[in-house]
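Q: Residue numbers (our numbering), protein chains in the order written: chain B, 1 to 427; chain G, 428 to 755; chain Y, 756 to 1054.
Any given hint could turn out to be false.
[Stated by the list, open to error] Once the Cα atoms are required to be at most 16 Å apart in a straight line, the calculated EDC-like pairs of lysine to aspartate or glutamate come out as:
#1 B:K290 x Y:E812
#2 Y:K903 x G:E503
#3 B:K36 x Y:D999
#4 B:K36 x B:E60
#5 B:K68 x Y:D999
#6 B:K68 x B:E57
#7 B:K227 x B:D418
#8 B:K105 x G:E503
#9 B:K422 x B:E223
#10 G:K747 x Y:D880
#11 B:K408 x G:E503
#12 B:K68 x Y:E844
#13 B:K108 x G:E503
#14 B:K357 x B:D344
#15 B:K66 x Y:D999
[Stated by the list, open to error] Simulated restraints, written as ranges between beta carbons of each label pair:
#16 G:G510 x B:D136: 27 to 35 Å
#17 G:P739 x Y:W819: 43 to 51 Å
#18 Y:F1037 x G:P739: 34 to 42 Å
#19 B:D117 x Y:W819: 52 to 60 Å
[Said to hold, decoys possible] Quick partial rundown of chain B residues pointing at chain G, CB under 10 Å, derived from the structure:
#20 N76
#21 L79
#22 E102
#23 A106
#24 T163
#25 K167
#26 W169
#27 K184
#28 G194
#29 A195
#30 V256
#31 D416
Derived by calculation from the structure, the hints in this document are not laboratory data. From the three backbone atoms N, C-alpha and C, an ideal C-beta is built for every residue, glycine too.
One letter stands for each residue in the lines below.
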Amino acid sequence: MNLWLRRMVPLAVLALATTACSDGGSSSDENDLKGKTVNVIGTWGGDEQAAFLKMVEPWEKETGAKVKYTGTRDINTVLTTGVASGVLPDLAGLPGPGQMAEYAKAGKLLPLDDVLDVQTYQRDTAPALVELGKTDGKIHGVFIKAAIKGLIWYNPKVHDYGTNPPKTWDDLMNQAKANQGRAKSVWCLGLESGAASGWPATDWIEDLVLRTAGPEVYIKWYEGKVKWSDPAIKKAFQMYADQVVANSYGGGKTAVATNFGNAGDPLFANPPGCEFLHQASFITGFSQFKSHTAGTDYNFMPFPDIDPQFSGAVEGAGDLFGMFHDTPAAKSLMKYLVTAPAQDIWVKAGGALSANKNAASYPDDVSKRSAQILADAKTFVFDASDSMPTAMNDAFWKAMVALTNGSKTIDQVLSDLDNAQKDAYTS
Amino acid sequence: MEESRLLTAVEVVLGVPAVLVAYIWLTERLLSPAGERWQRRIRPWLWLLPALGFLGFFLVYPTVRTIARSLYGRNELDQKFVGLDNYRWFFTNGDALGALVNNILWLVFFTGFTVGLGLLVAVLVDRVRYEALAKSIIFLPLAISMVAAGVIWKFMYDYKPPGAAQTGTANALIGAVGLGPVGWLQSPGFRLSTFALIAVMVWMWTGFAMVIISAALKGVDPELLEAARVDGANEWQVFRRVTLPLLGPTLAVVSTTMIITSLKTFDIVYTLTNGNYDTEVIANLMIKQMFTVGDFGRASAVAVVLLLAIVPIMAFNIRKFRAQEAIR
Amino acid sequence: MTAIATPKAPGTRAAATRKPARPRRRLVLHLVVVALMVVWAVPTVGLLVSSFRPQSELSTSGWWTAFAPPYHFTMDNYRDVFQQSGIGEAFVNSLFIAVPATIIPLFVAAFAAYAFSWMQFPGRDVLFVVVVGLLVVPLQTTLIPVLKLFAEWGLTGQFLAVWLAHTGYGLPFAVYLLRNFMGSLPRAVFESAYLDGASHVTAFFRLAVPMSVPAFAALAIFQFLFVWNDLLVALIYIGLANSDNLPMPAAIANLVNSLGGGWYLLGAAAFVSMALPLAVFFGLQRYFVRGIVGGAVKG
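Next comes chain B alone, as it looks inside the complex (with noise of 0.2 Å):
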């Protein structure tokens, strides 16, 4: 670990110098800063403070400043309260693109326009992770980390769907229920996750929203343009009421009742309880995952086509970071955040994915790959129902723990989302 940070620390030095020479005339700042504090807040906690950490710590060293950070769970609680009130951390986690927006009308999350290198930023990110930082037109947040979503899972010891890779929906289903002989099921499900449970399959109609209906459909309907009883969003309901929950390990009570971390769990047993797991790249991090090995106890696959018009499609999601005071430690932590150097040591640390396409230290061949998904994207979109009015969203949540259950019919939540959206979208 030391031997790797002496090998990192003159790279972001060198990073860092650059940019201050193409600053010109900024360089006296460097100095100005010892002694100097950022207090940032996020929600990263664990693993993920730890990698935070050490990603800040070159840029302490180099600037002799300090960064303090907290992270909390209840960052919507903490940082309503801080708008609302006026105490507000230097920089901090945002918990989305909506509060994003709202932050930044309300006049507390300051404009980033001319504190980042904007070309070098556009260079190496995604453009739509670039696009869904901007509120009127000016950008508000980075994206610190990424994720891929809808992956797909699944035991190569098992079997091998490496090997011929299936390009279809249908495929992927013919496959799998071939295959099922020894398997209990098709799909391992959990949707439990405490405040936020019902996401993981939000996740799932996502991607079959943006795989049978595309992309245009899926930013109106996350927009509220599209209605939810719309035969578009229905079709994905259908299918994942069809084709998932009826084959899915234990059935929608085992699914509402697991937590999607452990989800995974029925991959490695003897015999299987099921061929597949949908989930986000971040899944590596967790339960099985965390105690196996990536490439030969367990692989992914990218999700398939669904309709072929729609190929090469692909659904993220990411941890937005705004900055709420202009002081200059803040500025220049933030300009070095988005970097290269810097995001190469949060990939690193494992579990996590970076916006910024020229950070690549990813520790194992999962990562990497899905790294290059996300850089290949031939169209990129970003979580649909973080992109919503938190309202939204969390009538999104319960409808999937509703329908998953089987306490409500498809028509039955379908009908209470076009109810939560009239009210969700008003302001």
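Mind docking chains G and Y on chain B? Use the hints.
A: Showing chains G and Y alone in chain B's frame:
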């Protein structure tokens, strides 16, 4: 740095009580030249002043703002007067009505079980040698943070499909006699999940009721009990006729506190189900509106509904105090 | 029973003359008490056992299977908790926060409770009920207005902010409980003291406070626990401005990542953070015995 912090802490721990005692002493000195009548009129307010100051600042002032805020729109960007719209939203919202039903279940069963079991434990352990141990075990859950309680009860209520090895204690137990498995937290039928959540809070708060009731029980003069026994009363009659009436005011305090706790119930619902499976409660709705949705108008309206809900309980308390005054 | 063995306790004579209870009823008594103890202990024991199990087994087998071979126990979870950055400082911060935040409201509430119990003034009952009614105010609704004022006064990020805040939030219950206890003390004792020329200050310190020791002990425990386990108040009034001063619950919450990974460490963390409050409870147990009130009355 560390030393100066320690110094501050010591100063506060010793200083604040000293200041308060000096304050009372000083007010008495200042009052002494005044006439007896004036002393009587002013003194209570001087004794109350520190408490009222704190309450005024931390609770009354924000509450007044909440009440005013409930008549306005969503947030700072949209702060127009909307009259009773937020209340209309609350009373026409499907979730809110379900939450009201659940809060009534909470009120009845949570209060009933915590006070009932607390009383039972306090009375029973008073008669055994291992009282301290027994009380500590019942008390223990209160010392557990909500986060840890969430983890504990995920272990308790864990559900695996039929046929698989159950890892949850509750399902393993009923599985041992051939029943289940049951998705305790995922069953809207008969509001089973709400009862499962109430059980968690009963587990946590019975120790609270027990400690207070037990403290009061220890204050009951044993000679009163003995007198009743000498008069030929059996243990049950002694309890029913002597102990229980003496505990009355304490039971009222505990019940009132538990009722208010049940109305404010939020964290356990938020952590374990977040209102899914028909477990929504009013306080969770409020917090969701405030921090997730960011609609301060609606959140404030829900808070005001909570305030209004306790008016009858407080009226009962006034009567209770007056009665207590009369017999004392 | 220890209290009865104490010679000064007034219950001694009564206990000595009590008829021995019938053995069968004693058995039922023991069965009920032990059953309640077991039911209450099982969840915690489950967590305690789980906190010593490796995470890969937690989701696949129940905690009781740990007692059958192969005995897979590990200290890893505890090691990870202690290695969490800043957990030591957080523990010290927690102490700095909890001790004053327990003592201040106790004193403030005691004066108020005495005034409500033993002084006459117009509007007393209504005012008291309003104070109790404030119990229902959800803490969350107070955060924004209070934080705004704290910011104006430069208090954000400081311990003083949470000391004051916890005093405010703890007062309604403290006043309620103490008023109930002080109010139920025998009137005759106070009246004879006043007749002997005792002032309210004397009556407060010599009679009301010593006779209310069990109530103070109970209150101290509750307030201490509430503050010790509080995350929200600390996060808002301290965390937004100065993370160096954050207490244990914040450090513990940070064991878990943004997606909930690492939750299995929370069990070990819970036992680490519970140790002190439990010690406080044991320490205060001796104030929960019979005789304190009666003894004070007669002494």
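Q: Each of the hints needs a verdict: does it hold here or not?
A: Verification of the supplied hints:
no., hint, in the structure
1, B:K290 x Y:E812, "12 Å, holds"
2, Y:K903 x G:E503, "14 Å, holds"
3, B:K36 x Y:D999, "15 Å, holds"
4, B:K36 x B:E60, "10 Å, holds"
5, B:K68 x Y:D999, "7 Å, holds"
6, B:K68 x B:E57, "12 Å, holds"
7, B:K227 x B:D418, "6 Å, holds"
8, B:K105 x G:E503, "10 Å, holds"
9, B:K422 x B:E223, "12 Å, holds"
10, G:K747 x Y:D880, "10 Å, holds"
11, B:K408 x G:E503, "37 Å, violated"
12, B:K68 x Y:E844, "14 Å, holds"
13, B:K108 x G:E503, "12 Å, holds"
14, B:K357 x B:D344, "10 Å, holds"
15, B:K66 x Y:D999, "12 Å, holds"
16, G:G510 x B:D136: 27 to 35 Å, "32 Å, holds"
17, G:P739 x Y:W819: 43 to 51 Å, "46 Å, holds"
18, Y:F1037 x G:P739: 34 to 42 Å, "39 Å, holds"
19, B:D117 x Y:W819: 52 to 60 Å, "58 Å, holds"
20, N76, "5 Å, holds"
21, L79, "9 Å, holds"
22, E102, "6 Å, holds"
23, A106, "6 Å, holds"
24, T163, "30 Å, violated"
25, K167, "32 Å, violated"
26, W169, "26 Å, violated"
27, K184, "9 Å, holds"
28, G194, "6 Å, holds"
29, A195, "4 Å, holds"
30, V256, "5 Å, holds"
31, D416, "8 Å, holds"
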